[in-house]
Structure formats: C-alpha cells, structure tokens
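Trainee: Chain residues, written in single-letter form:
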Amino acid sequence: MSPTTLYGLCGAALVGIGLYGLLTEPRLLRKIIAFNLVGSGVFLLFGVVARRGADAGLGGDPVPQALVITGIVVAFSATALAVALLLRLHETGGGVTLDDEAESPAAERSKP
Amino acid sequence: MTALTEALAAGPPAGGGWLVAAIAWPVIALLLVIAGGERNAARVGVLALPVGFTIAVKVALDVAGTGAGGLAYHVGGWAPPLGIALQADGLSAAMLLVTAVVTSGAGIYALADFGPPREGQSGRTTLAFWASLLGAWAALNLAFLGNDLFNLYVALELLTFAAVPLVCLDGSAATLKAALRYLLYALVGSILYLLGAVLLYGAYGTLDMGLLAQAVRPEPAAWAAAGLMTAGLLAKTALFPLHLWLPPAHAGAPPAASAVLSALVVKGSFFIVLRLWFDALPGLATAAAMQLVGLLGAGAILYGSALALRQQRLKLLVAYSTVAQIGYLFLVFPLAFDASAGQLVAGAALTGGLLQAVSHALAKAAMFMSAGLIAVTFGHDRIAELGGLARARPASLLAFALAGVSLVGLPPSGGFAAKWLLLSAAVATGQWWWAAVIVLGGLLTGAYLVLVLMRALAEPAASVAPLQPVAAWRETVPLALALFAVLMGLAGALP
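Line by line, the protein sequences give chains A and B.
Residue numbering for the first sequence follows numbering that gives the first Met the number 0, beginning at 0 and increasing consecutively.
Residue numbering for the second sequence follows numbering that gives the first Met the number 0, beginning at 0 and increasing consecutively.
Hints are computed from structural coordinates only; laboratory data are not their basis.
Idealized CB from N, CA, C, for every residue including glycine.
Treat the hints with care, since some could be wrong.
To list a few chain B residues with every Cβ distance to chain A over 10 Å, as calculated [as the list claims (entries may be wrong)]:
hint, residue
1, Glu37
2, Leu198
3, Leu294
4, Gln310
5, Asp337
6, Ala345
Per the computed footprint, the stretches of chain B lying under chain A, defined by three or more beta-carbons under 8 Å from a beta-carbon of chain A, are [what the hints assert, rightly or not]:
hint, stretch
7, 127-133
8, 156-165
9, 168-182
Working from the sequences, and respecting the hints, build out all of it.
Mentor: Structural data, given as structure tokens:
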C-alpha cells in the first residue's frame with residue numbers, strides 16, 4: 000500500500016468516525032469535536048489529492064494546499080462560534096444537549 | 000492544458016466590475032458598522048442599504064443589456080483554471096435584486112427593534128443584527144455570483160456564520176438551542192459539500208463550473224461527489240426530511256431576522272444546487288436521481304403543509320409554510336429533465352423554479368414581518384386568540400393575506416406564475432404525479448391560511464388584553480413586499 004492510499008484511507012476513516020459521533024452523541028461538545036474529526040478527514044483528503052495530482056519533480060499540487068488553509072480557518076471559526084453558543088447556552092441554564100426534556104444541574108440551581 | 004491556453008488567450012471579459020462591487024460593498028459596510036460601534040451601528044447600516052440596492056439594480060440592468068450572455072469577471076485578471084471567475088446571468092440578477100429588496104425592507108422594518116440604542120441601553124444586539132444582516136447580504140451575493148466550487152463553499156460558510164447569530168439575537172436558551180441545531184446541520188452540510196468538491200478536484204483538476212461541465216464524465220468519482228454535495232446542500236436548504244432545524248430557528252428569531260432567514264438564506268444553498276446540476280454537472284443527471292429529488296420536494300410540500308395546519312402559533316405556522324414552499328423549488332429537477340437527451344435543460348421548469356424562489360422570498364418576508372407586528376399588538380401569537388385582529392391591525396392582516404395569495408398561487412401573483420409554469424412543465428413532460436402534488440399543496444396552503452384569516456376576522460374575545468400600539472410606517476414595509484409578490488405575476492406575463 001502506498002503512503003498516499005494509506006492517508007486516503009485514514010481520511011475516510013476519520014470522516015466515518017466523525018459522522019457516527021455527530022449522529023449518535025447527544026452532548027453538544029462531543030458533536031462539535033466529531034464535526035472537527037470529519038473536517039480533519041476531509042483536510043487529509045485534500046493532502047492526498049495534492050500528492051496524487053503532483054507533476055513530475057514537484058512535491059504536490061499547490062492548489063489543494065492553498066484551499067485546505069482556507070478550509071482550516073473556516074472550520075476553526077465554525078468551532079469557535081459553536082463553542083461560544085454552547086457556553087452561552089450553559090450559562091443561561093439550557094443544559095449541554097439539544098434535548099428539550101433533560102434539564103442540566105445548572106438549570107436546576109438557577110431556578111428561583 | 001488546452002483549456003488553460005485558450006482561457007489565457009481570450010483575455011479578461013469586460014464590464015464585470017460591478018459584480019465585485021455587489022460582493023465588496025456589504026463587506027465594507029459590515030466593517031464600517033463594526034468600526035462605528037454599538038451607538039452608530041443602525042445609522043451606518045441603514046445608510047448602506049440604498050448603496051447596495053443601487054449596485055444590485057446596476058448589475059441587473061447590465062445583465063439585461065447583454066441579452067442571454069450575461070456578465071463575467073476574472074478576479075485579479077486571472078482566468079480559470081488559474082483564477083476565480085464571477086459571473087451573472089438572468090438567474091443571478093433576479094436573485095441579486097430580490098435579495099436587495101428584502102434586505103432593505105428588513106433593515107427599514109428593523110429600525111424599530113434594532114435602532115440606535117437610547118441612553119443607558121446596551122447596543123449589543125443592535126450591532127449584532129446589523130453586522131449579521133450585512134454579512135448575510137455579502138455571502139448571498141457571493142453565492143449568486145460565484146463560479147468556482149470552493150468560492151461557493153466560502154460563501155456557504157459565511158452565510159451560515161451570518162445567519163446563526165440572527166437566530167439567537169434575544170439570547171434565550173430556546174433560541175440558543177435552535178441556533179446550535181441549525182449550526183450543526185449547516186456545518187455537516189458544508190463539510191459534505193467540501194468533501195464532494197475535493198473529490199471533483201481530484202478527478203478533474205478544476206473547480207471552475209464552466210471547465211467542470213466539459214470535463215465531467217459519468218463515473219463513480221463524479222457520482223460520489225455529486226451525491227455528497229447535493230446531500231450537504233439539501234441539509235442547508237432544509238429540504239424534507241432534513242428540515243428539522245428550520246421551524247424553531249425561523250420562528251424564534253426576531254421578525255426582521257426571520258424574514259431574511261426564511262426568504263433569502265435558504266435560497267442561497269438552493270441556488271448552488273441549481274448551479275451545480277444545471278451548469279457544473281449537466282451530464283450527470285439521471286431520471287431516477289431527479290425523480291428522487293422531486294420526491295423529497297413532494298414530501299416537503301405535503302408534510303410541511305400538513306404540519307402548518309396543526310400549528311397553534313402564528314410564527315411556527317409561517318415557518319412550516321417555508322418547509323412546504325421549499326419543496327416546490329425542488330420539483331424543478333424532475334420537471335427540467337429531458338429524458339430523451341438524458342440531461343437537464345433550462346426551460347419553463349427552471350423559470351418556474353426561479354419565480355417560486357423570488358415570489359416566496361417577497362411573500363414570506365412580508366408574512367414574517369406582519370406576523371411580528373401582530374405578535375407585538377397582542378403580546379402573543381396564538382392563532383386561536385387572534386380575534387379582533389382585522390379591526391386592530393387591518394394593514395398587517397392585509398399584508399399577511401396578500402402574501403398568502405402568492406403562496407397559494409392565485410392569479411395574478413408571482414406564486415401563480417411560478418406554479419403555473421411548473422404545472423405546464425409537468426403536463427408537457429407527461430409527469431402528471433407532480434401536477435397532482437402541486438395542486439394538492441396549493442389546497443393545503445389555502446387551508447392553513449384561511450384558518451388564520453377566519454380567526455383574525457372573528458369578534459374579539461370578551462377578556463382581551465389591552466392592545467399595544469405599532470408605528471404605522473412599520474406596517475407599510477410588509478404591505479409593500481406583499482404587493483410586490485402579488486403584482487410580480489403581471490410583470491412576468493409581459494415579456
């Protein structure tokens with residue numbers, strides 16, 4: 000197996016694990032981390048595409064490498080926004096899941 | 000490499016500079032809003048609206064002047080595949096215009112809720128509203144003009160980042176949950192889109208739609224990419240059964256924000272689905288795939304309308320109506336598929352879909368704004384207790400009813416023209432089952448709107464709480480948008 004194929008399979012595995020986590024994890028922080036796993040898998044695939052598309056004598060195709068930087072910045076901003084929203088949700092006593100029934104201990108305490 | 004040399008030899012196209020202005024102006028205005036701070040956010044924001052509106056009109060006039068060709072612009076003078084192209088055709092111009100109209104309307108309407116803060120009052124939500132509104136405008140314009148799949152990915156993400164704060168402006172736990180659910184759906188959607196884009200780049204070495212259309216062959220890599228990108232975009236457009244995030248997000252937001260979210264934001268990702276299938280991957284469409292997309296659209300129409308009928312709250316009813324109306328947009332795909340040629344053709348069905356997007360944007364913005372005024376008047380939006388509305392707030396009710404006329408599809412509204420074109424396409428291509436769905440959806444829409452109107456025209460309950468006053472100028476905004484939606488069918492009938 001060539002290193003490129005190995006990287007590709009790792010990327011696919013990360014996407015799969017991340018999607019599984021996104022669907023099954025009820026807690027929001029874990030969902031956000033799972034989203035980051037999917038993102039990492041996709042970014043690895045960018046690297047694979049760059050390596051496979053390289054012309055002779057070059058280490059890699061520069062276009063996917065340029066794209067992946069933008070992708071990482073976007074994923075970072077998305078994570079920051081999601082975590083900020085989650086923190087605010089926790090502060091307002093809304094718990095740490097999207098479940099409407101489950102009340103968090105913080106919500107119990109903050110009740111008058 | 001022949002495409003590269005040809006593109007370089009052809010030189011940059013002329014006259015596309017206004018396309019850059021359409022994207023850059025809202026970004027500049029957004030930066031000015033942030034620089035101006037909480038006290039000046041509303042003033043700067045509202046002054047930015049007419050400039051952006053003028054740019055959109057200018058682009059639309061230029062596009063109309065070029066005939067069918069449309070405008071193009073190569074950023075930095077670099078032609079694809081080295082550079083990124085922007086392009087505007089009739090579809091883009093129509094969406095630019097309706098975005099400018101609805102954004103400006105929402106901005107004016109919002110001056111009452113998000114105007115300059117009074118002494119001693121925090122202006123944080125004001126700043127957040129105006130920054131998000133202008134950010135969403137920039138992202139939408141980029142989505143309508145972009146011609147590069149990665150550029151469109153950036154547009155999609157910017158749109159999400161601008162739309163999510165609009166959902167949770169009031170900061171309550173319920174709206175924060177709605178915003179987080181929306182954000183998660185949107186992030187999964189865009190990462191799937193990105194995965195599809197990287198597969199296409201790996202297989203064909205370009206992300207430019209024009210070059211992809213020539214290169215793409217029906218093979219597993221292209222199918223996987225098309226499937227992933229479409230699934231991601233459908234989640235962002237809230238097509239049934241991926242609509243679960245939409246009703247709480249759109250119903251919980253302040254009315255001006257709901258109007259922008261429901262009227263425009265979901266259209267951004269829909270527009271990219273259209274571009275993807277009609278412009279980038281025209282040879283990939285198969286009859287079965289298009290029927291499947293149409294089936295999801297039909298599911299959205301019937302399920303969304305049925306749930307709208309059962310809602311107790313006016314804003315939730317309007318939000319479920321959005322779920323249903325999004326379904327009509329996706330009937331374009333089976334109806335525009337030419338079985339003998341084996342590909343999608345731009346014809347009556349595509350025009351009908353565009354008209355549906357535009358007329359729904361106007362009507363739904365009007366509906367959310369008038370629902371907001373009704374909620375202010377009564378202090379609640381429970382449909383069962385809307386008695387006396389016709390006397391208390393006739394202009395708002397009229398705006399709501401006129402918007403409803405367009406949603407149901409009664410002549411001469413834009414909704415009628417859209418559904419008529421879709422119906423004729425269904426008859427012309429012999430797909431009677433879609434015609435049945437369109438008619439049934441119209442009946443259900445009529446039913447849930449008549450339920451609201453019946454309550455509103457009833458006598459007020461004896462123990463009604465004192466009604467809150469609403470500035471008269473606020474009622475003119477939804478009324479004007481609803482009139483646009485109703486009269487649009489007449490304008491469409493002229494050429």
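Trainee: Which of the listed hints are broken here?
Mentor: 2, 7
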